[in-house]
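Chemist: Residue numbers (this note's numbering), protein chains in the order written: chain B, 1 to 309; chain S, 310 to 623; chain U, 624 to 1143.
FYI, nobody ran anything at the bench for these hints, they're computed from the structure. The structure presented is a predicted model; accordingly, all values stated were derived computationally and were not measured. The beta-carbon is built from N, C-alpha and C at its ideal position, and this holds for glycine as well. Among the hints, erroneous ones may be present.
[Stated by the list, open to error] The list that follows gives simulated cross-link-like pairs (lysine-lysine, DSS-like), each with its CA atoms no further than 27 Å apart:
hint	chain 1	residue 1	chain 2	residue 2
1	S	K482	U	K842
2	U	K829	S	K482
3	U	K710	U	K833
[Unchecked claim] Which chain U residues face chain S? A few, computed with CB under 7 Å, are given here:
hint	residue
4	E802
5	M838
6	I851
7	A860
8	S863
[Unchecked claim] Residues of chain U placed beyond 12 Å of chain B at every Cβ, according to the derived structure:
hint	residue
9	Y758
10	P954
11	N1098
Here are the chains, one letter per residue:
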Amino acid sequence: MDNKVITTWGKIKDSEIYFSFIKSPTAIVSSILLAIIFFCSFFVEFLTPYNPFDPSSLSLMDAFTPPSWTSEGQIEFLLGTDGQGRDMLSTILYGSRISLIVGFSAILFSLILGVTLGLTAGFFGGKYEMIVMRLTDVQLTVPSILMALLVDGIARGIISRELHDEMAIYVLIFAIGISEWPQFARVSRAATLVEKNKDYVSASTIIGVSNLAIMFKHILPNIMRPILVIGTIGLALAIIAEATLSFLGVGVPPTTPSLGTLIRLGNDFLFSGEWWITFFPAIFLVILAFSINLLGDWMRDTLNPKLKK
Amino acid sequence: MVMLVVAFVSFSLFNFVGDPINNMVGEETSDEERAELRDTLGLMDPIHVQFTRFIINASKGEFGISYQLRRPVSELIFERLPATIELVVISALIALISGTLLGVYTGIKRKGFFSDLILAVSLLGVSLPTFVIGILFIYLFAVILGILPSFGRGEVVDIGFWSTGFLTISGLKAIILPSVTLSLFQMTYIIRLVRAEMMEILQTDYIKFARARGINEKSINYKHALKNGLIPVITIAGINIGTLIAFSIITETVFQWPGMGFLFIQAVQFVDIPIMSAYLVFIAFVFVMINFIVDILYYFIDPRIRVKGDSASG
Amino acid sequence: MKYRYFTKILLAFLIAFAPTQTFAKTIKWSMQGDSLTLDPHAQNEGPTTQVSRQVYEALVTRGLDMKIGPQLATEWRTQGPNTWIFKLREDVKFSDGTPFTSEDVVFSILRAKQRTSDFKEYISTVSGVKAVNDYTVEITTSKPNPILLNQLSNIFIMSKKWSEKNFAVMAQNWDAGQETFSATNAMGTGPFKITLREPNTKTVFKRNKKWWGSMKDEKVTEIHLLPIKNAATRVAALLSGEIDVVTDAPVQDLARIKNSPAHKVESTAQMRTIFLGMDQGADKLRTGNTGDNPFKKKAVRQALYQAIDIEAIKKKVMRGLSEPAGIITFPGVNGYTEDLDKRLPYDVNAAKKLLADAGYPNGFEVELRCPNDRYVNDEAICTAVVGMLGKIGVKVSLFAQTKSKHFKELKDNQGDFYMLGWGVPTLDSHYVFHYLYESGASWNRVNFSNSEVDAAIRVMEGEVNLDKRNAAIANAWKIVKDDISYLPLHHQVISWAAKSDVNVPIRPNNEPLFRFASFD
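All chains, full assembly: derive it from the sequences and hints.
Modeler: Written out as structure tokens, the structure is:
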């Protein structure tokens, strides 16, 4: 390791990674797919004339229109409509935006929590470190989905129902985020332990650089790679966790459906011939998670030299 | 220690999340009646007295009465315990056996169409949410092909307090879809873990040395490498039993499997606090036991730990 | 080698179980919800009664033709305007072997009148019941009651001995979450007894060998009730043969089930009307934003009424299987006329105008409460209503939850705007007025109060002159219809789906009677 401060961007542009990216078709395909999904989800207002979240704009008589390429399909509803007359394509895109927002926020939350705890634990050591590490042990044994369900259950009990629908998305972010932080904590602690004993850290301490500055300016950049890998794989997990909770009916409210909610709602029409209501959200979710996982896999292989030949 | 913390959490859940009285009586109950009920339930006692009582009751398996089903929670949990255990054990076996086999295969044959295929499918497996797989299976096997049941446990036979689905055809058929669904996610993890371990171990000096000595390849792969590669698998398997129990919530919901997870998800939707707190304590107990067992297994499999002494604990 | 061993075991199993497979005469029955309690007096609710009906019997009962006929009583007569004498069957035994006598009838009717019973209002006019001898019972009413038989057909008779032995003398206090033996066990004189009860999972009914009657088909020996909440799973279970009969087949899947050669579907108009209630009693809506209660104004109620496109709901949500309703009662009920059942026209512009004239040109906000596992497509209907009302500016948020919570919270007076369905087991309009319109009635959650209607209800309860009585009913219907106290939606059409060789006759009250079930 060199002792220079390297910016994150510098690392990403690092030629070795760039080279391996260009060489890996899976990485390219998955990033392009993700870019399209991200773009469409976040700019859906400008891409479609429908707003599926506004019930007064819907017409029930449009309900159950099949996809446009079938004989009964209508060109204005490309992927058909659901049981309320919502355009499937725009509903999916709006839904995937909610899934993405929840996924990203949850990972960000656990990243900040985990890295802060991990860094400080590694840096200060002692009893504090022991407690944090024991906490990660305990947390790691409790499966994320169970943790999230519990948090959601408790939130339902505490928060009044009127508020719950508005709070649901924050509860969900917290519930998913709280279960992912130990990975980040472990990695950052390990890295901190390595860096702590290096000369430049001792030197900085002597010349009076504050602990905080050392941690965030010097140590943090060094653990960016593993954190990026964990974060990417964690994002896929978070998105799936969100979909699962919403499918179980304890996630986001049905008025602002995420992909999981859409699959749950469409599930009722599985046998009635209206396959598109559940099929499209499901396939979209799988493509999304699969692309993120592919990218994460590639990242791990590239950024983690240990597994390379 | 962990048990005590969990017990306290679930105790607080029981006492502070929502007014237990409000959950029990209707609107028309007068304030005096409420106070009286509060008194008979011992809710006026100091917190530590209440907590001690909670612990004592919990250790006896008493968690009060479900708000929703109006039956003792312990009864409900134990009624559904066999269903979940059978599902989880079968899934764990499927995941462990096929995961290890496929992992070893892909670890040894690093290049090759079949390995790549297994890996790609396993990545897809991680990306496919359990409930989507479940729906897919139901559609394919129950509706289109009509060969496997889509819900429930089929006929069960009571052996003492344990009701088992293993002794009837319909029970055996009923467990196939849910257990395969539940195991897929874990299987992919085990494949990847075993593969990584095998790859690493096959490059260690002592394997190279063994190879140089002319020990045949099969013996190296399965006797020497796999044995060492299994150590992390056991840890993971331990944690995974916990994960399987948690994920059984989803599988049980999709397949209407009458287990504890199904009970729990209904409790969460209903804010049925007694069931939730009982489930929490129960799961914590299972996890602590699993960690304990894993530690012991370690002790037997990895001689190094025997020297260092047991440092991990639940 | 091992594989072959496994096959052998499998084969052994197959042989061992093959006979039971071929001759198993168990009917596996599924619906979305379960009975709330086995205590026959604790909850007056559809599925709860459907389960109790297989185990318990009443003095009189409705047969397949829905006509009142004898059951535990063989004959009855009136003695003066307020006294009824019932002769009981003498050959009846409870499934535990104790003989059935008039003591049990007296005990059960008094039990149903207790404070904790959900039937206390139902038979509120019954003022006394006594045993004349072992097989004769005398029931007195506080005033002449022309519909007493209808009411008694839903009062199940329990064993006094059994109830005393098991501390179940009081009806289970369901609202207070009481746990009793009678809530998880059932012991009656009916054709079946319950041998296994796992709420929301499985209930096993076995033939009661001591039953006095005869089964239509002796091969029917066992009924398993397996509630499946999810519609798709329920249909999958039916199609794959794990379930024999579904008494609430999802409308969207009927075509798919009909396509299956091994299955059949039957539909009939159900004795149940679905409607929305608006609390007109509260000064301020709990979930509103205007600081007052818009529902107090008739124009607002009419605006909501005319904004609902019931034909669209019929076509898309109910797939044609519903009858749009103008009043909360249906053909076959005394007092129903086609004229009353006509709806105000669907007219969005008129609705907007009404709303603006009432002082809400920009609409208002309110929450709609719905059950999600009680009526046919209940949540989907509510979702559709939310969209339709949105078009006239009324911003409705939907709150759907499981039926037991929905009903309990409604009874606790927590709803501004809610969905409810009303069946009329007595087939007389009085039942509707008594529960939904009478001042302070238990299900009158719209807080409707009209002295003229209350007076008419008194007439319905005490008037033996049928012409006068019917005039009172007609007048009451006219008042409440003009007032738009509720928003009627439609009369439910129910569909039962079953395997082709399993016959469970469909009944308009959605209650299967498995003693009439048969196999081809």
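Chemist: Now tell me, hint by hint, if it's right for this structure.
Modeler: How the hints compare with the structure:
no. : hint              : verdict
1   : K482(S) - K842(U) : holds, 26 Å
2   : K829(U) - K482(S) : holds, 25 Å
3   : K710(U) - K833(U) : holds, 21 Å
4   : E802              : holds, 5 Å
5   : M838              : violated, 23 Å
6   : I851              : holds, 6 Å
7   : A860              : holds, 5 Å
8   : S863              : holds, 4 Å
9   : Y758              : holds, 52 Å
10  : P954              : holds, 26 Å
11  : N1098             : holds, 36 Å
In terms of the numbered hints stated before, the structure departs from hint 5 and from no other.
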